[in-house]
Amino acid sequence: MTSLLQVDNLVKNFGGLTAVSNVSMHLDNNELVALIGPNGAGKTTLFNLLTGVIPVSSGSIVLKGDDGTFALNGKPAYRIAKLGLSRTFQNIRLFKNLSVLDNVLIAMTSRSKEGFIASIFRLPSYYKTEKQLVEEATKLLTIFELEDDMDVLAKNLPYGTQRRLEIVRALATKPQILFLDEPAAGMNPEETANLTQLILKVQHRFHITVLLIEHDMSLVMNLAERIYVLDHGSLLAEGTPDEIKANHKVIKAYLGEGE
Amino acid sequence: MKTNFKYNIIWFIIMVAGFYLMNTLILVGVINTFIENMLVTIGINIILATGLNLIIGFAGQFSLGHAGFMAIGAYATAIITQTATTPVGFYLSVFAGIVVSIIAALIVGIPTLRLRGDYLAIATMGAAEIIRIIINNMKITGGAAGIFNIPQLASWPTVYIMVCVTTIIIVNFIHSRGGRAVTSVREDEIAAEAMGINIFKWKLAAFVLGAATAAVAGSLHASFLQTISPNDFGIMESISILIIVVLGGVGSITGTFVAAIVLGVLDTVLQDFGALRMVIYAVALVLIMIFKPSGILGTWEFSIKRIFNRFKRKERVEQ
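Protein chains in written order, with my numbering: chain A, 351 to 609; chain B, 62 to 380.
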């Protein structure tokens with residue numbers, strides 16, 4: 351058990367409905383894993399469980415990160431984020447009325463050590479930490495070619511750029527694991543191709559583990575080292591892209607049974 | 062570092078210049094006691110409304126209980142300065158008011174800030190009523206009759222300085238790490254939490270800071286008017302502070318200043334109209350809400366830095 355993230359027998363019930371049942375999975379260091387499945391399979395629910403947005407009914411999530419081992423189930427979302435799990439959302443959740451720069455700075459809030467007194471009285475340490483934060487944010491935005499849009503309000507960015515900014519914002523928290531919820535949704539083939547390059551760049555440059563939900567099979571088959579298939583809340587299959595392509599159960603779940 | 066210093070100096074000069082301008086106008090006789098009273102009321106309203114704007118406009122938490130925290134400050138000053146009738150006693154009472162209102166804000170905020178929108182508004186309104194009724198039934202506060210003959214230790218310079226100090230604290234907070242965290246809570250709670258922000262802690266921080274400044278305004282109110290009673294701090298007072306915030310622009314401190322001044326002047330000018338005053342006041346509000354629902358200034362802020370940058374850009378273009 352040396353996995354970065356180890357999930358065992360995860361269950362989530364909404365009243366009588368079991369949205370996620372007995373899911374066990376693991377993520378290793380610097381790995382790119384995809385989570386696929388038909389609509390309503392429970393993929394986003396699983397993401398929400400892992401990142402603490404909704405509480406787990408039963409099961410365990412254990413992170414073995416750089417700073418030690420932590421049980422994540424039962425922890426509030428902001429604690430989980432601080433421990434190094436960051437995410438994007440299926441229906442983009444940027445801070446719409448704030449600038450691009452502010453969006454990234456907010457993601458750095460929990461790491462910054464700027465004191466209350468120092469900022470109220472504008473002590474020299476305030477200007478110092480503030481300058482460091484802006485420099486770090488600018489550097490990150492430059493990597494993703496957003497440096498010219500720093501003062502633009504997030505809501506005024508084009509759709510594809512908003513998705514890119516959401517990834518940058520997630521990276522600003524210095525995560526160990528990045529969760530991407532349908533990053534290619536609503537994109538044209540060219541944008542999807544750019545996104546593929548972007549995700550690879552993120553994984554290599556920042557040495558982080560990526561778990562992504564995606565319906566675009568060309569993107570998944572190109573990128574993923576390993577794939578989990580979820581259907582009706584439980585794991586249907588796990589394997590490399592080639593194994594998944596040949597798996598009869600997966601084909602049945604997506605296309606139904608032949609007569 | 063040096064450019065930051067430059068902006069701070071400019072702001073400081075503006076504040077000092079404003080002080081001397083007013084001082085001269087009073088000495089020359091342009092500002093009489095009547096206008097001076099109006100200016101003090103405007104100043105107190107600015108302190109109240111900037112604090113409430115932090116809670117409503119920046120943290121996005123709809124609070125209707127601001128008058129309750131104002132009452133705590135007012136009664137702290139009224140009680141303490143009756144026995145300690147010195148400027149030191151006054152500042153001590155301001156401090157005491159701040160401490161008690163912070164404690165009250167924590168007691169009110171911890172259970173209620175988990176609520177959202179309308180529910181929070183009703184809960185904070187109830188909390189302010191509880192504070193008012195407690196004051197109404199205590200001996201030390203003089204019950205329903207209130208407290209008379211409070212020594213006047215706060216004149217317009219005290220109010221002016223307090224307006225500057227509380228505004229500086231709130232604006233600096235907004236432009237810091239805490240302010241960004243608070244604004245992110247307003248924008249999207251789920252996303253803020255996913256970015257590692259303890260949304261409950263920051264909501265509470267904004268609420269407590271707002272309550273503390275309301276207590277300062279209450280102290281000034283008590284000391285300047287010299288008479289207070291529990292009825293001064295009812296729901297109508299909370300609403301009139303809310304009106305300033307909404308009218309000026311939810312999320313604009315500059316707007317709060319403008320609205321407090323406009324309403325203060327309007328209020329004084331309309332005093333000659335007697336009963337018609339409230340009708341005209343209400344019509345003015347309705348008109349502004351129809352034609353500019355985001356408030357007079359929306360979320361626009363006055364910034365010296367921006368003006369300077371614009372000048373620089375122009376110079377560069379001309380060269």
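Be aware that a few hints might be false.
[Unchecked claim] Below, a list of computed lysine to aspartate or glutamate pairs in the EDC-like style, where the Cα atoms sit at most 20 Å apart:
#1 A/K446 <-> B/D249
#2 B/K373 <-> A/D452
#3 A/K432 <-> B/D333
#4 A/K505 <-> B/E97
#5 B/K366 <-> A/D501
#6 B/K366 <-> A/D452
#7 B/K67 <-> A/E480
[To be verified] With beta-carbon atoms standing in for the labels, derived distance ranges:
#8 A/A543 <-> B/I70: 47 to 57 Å
#9 A/K414 <-> B/V77: 53 to 63 Å
#10 A/K414 <-> B/I201: 51 to 61 Å
#11 B/F66 <-> A/N544: 40 to 50 Å
#12 A/G536 <-> B/L176: 26 to 36 Å
#13 A/L503 <-> B/I70: 29 to 39 Å
#14 B/K373 <-> A/K489: 22 to 32 Å
#15 A/F466 <-> B/K67: 20 to 30 Å
#16 B/K373 <-> A/Q547: 50 to 60 Å
#17 B/T144 <-> A/Y477: 40 to 50 Å
#18 A/S410 <-> B/Y180: 15 to 25 Å
#19 A/Q440 <-> B/I195: 46 to 56 Å
#20 B/R371 <-> A/K489: 25 to 35 Å
#21 B/P172 <-> A/N572: 20 to 30 Å
FYI, nobody ran anything at the bench for these hints, they're computed from the structure. Yeah, the Cβ is synthetic: ideal placement off N, Cα and C, and Gly gets one too.
Structure-based check of each hint:
For a cut-off of 20 Å, the pair hint linking A/K446 to B/D249 stands: about 9 Å separates their Cα positions. Under the criterion of a C-alpha separation no larger than 20 Å, the hint pairing B/K373 with A/D452 is inconsistent with the structure, at around 24 Å. Restraint check for A/K432 and B/D333: the C-alpha separation of about 60 Å exceeds 20 Å, so the hint is violated. Taken as a hint, the A/K505 and B/E97 pair is broken in the structure, with Cα atoms around 45 Å apart against an allowance of 20 Å.
Among the hinted pairs, B/K366 with A/D501 is consistent with the structure: their alpha-carbon atoms are about 15 Å apart, no more than 20 Å. Distance hint between B/K366 and A/D452 is fulfilled; the C-alpha atoms sit about 17 Å from each other, no more than 20 Å. In summary, the hint linking B/K67 to A/E480 is supported, as the alpha carbons are separated by about 17 Å, within the 20 Å threshold. In this structure the supplied range 47 to 57 Å holds for A/A543 paired with B/I70, their Cβ-Cβ distance being about 53 Å.
At roughly 59 Å, the beta carbons of A/K414 and B/V77 sit within the given window of 53 to 63 Å. Checked against the hint of 51 to 61 Å, the C-beta distance between A/K414 and B/I201 comes to roughly 59 Å, which is consistent with it. For B/F66 and A/N544, the Cβ-Cβ distance of about 44 Å falls inside the hinted range of 40 to 50 Å, so the restraint holds. The hinted range of 26 to 36 Å is satisfied by A/G536 and B/L176, whose Cβ atoms lie roughly 34 Å apart.
A hinted range of 29 to 39 Å for the beta carbons of A/L503 and B/I70 is consistent with their spacing of about 30 Å. The hint said 22 to 32 Å for the Cβ distance between B/K373 and A/K489, and at roughly 24 Å that hint holds. The hinted range of 20 to 30 Å is satisfied by A/F466 and B/K67, whose Cβ atoms lie roughly 25 Å apart. Checked against the given bound of 50 to 60 Å, the beta carbons of B/K373 and A/Q547, roughly 38 Å apart, lie outside it.
Checked against the hint of 40 to 50 Å, the pair B/T144 and A/Y477 passes, with Cβ atoms roughly 44 Å apart. Between A/S410 and B/Y180 the Cβ separation comes to about 34 Å, which falls outside the hinted range of 15 to 25 Å. In this structure the supplied range 46 to 56 Å holds for A/Q440 paired with B/I195, their Cβ-Cβ distance being about 48 Å. In this structure the hint that B/R371 and A/K489 lie 25 to 35 Å apart at CB holds, the actual value being about 27 Å.
Our hint of 20 to 30 Å for B/P172 and A/N572 is violated, since their Cβ atoms are close to 51 Å apart.
The structure shown violates the earlier hints numbered 2, 3, 4, 16, 18, 21.
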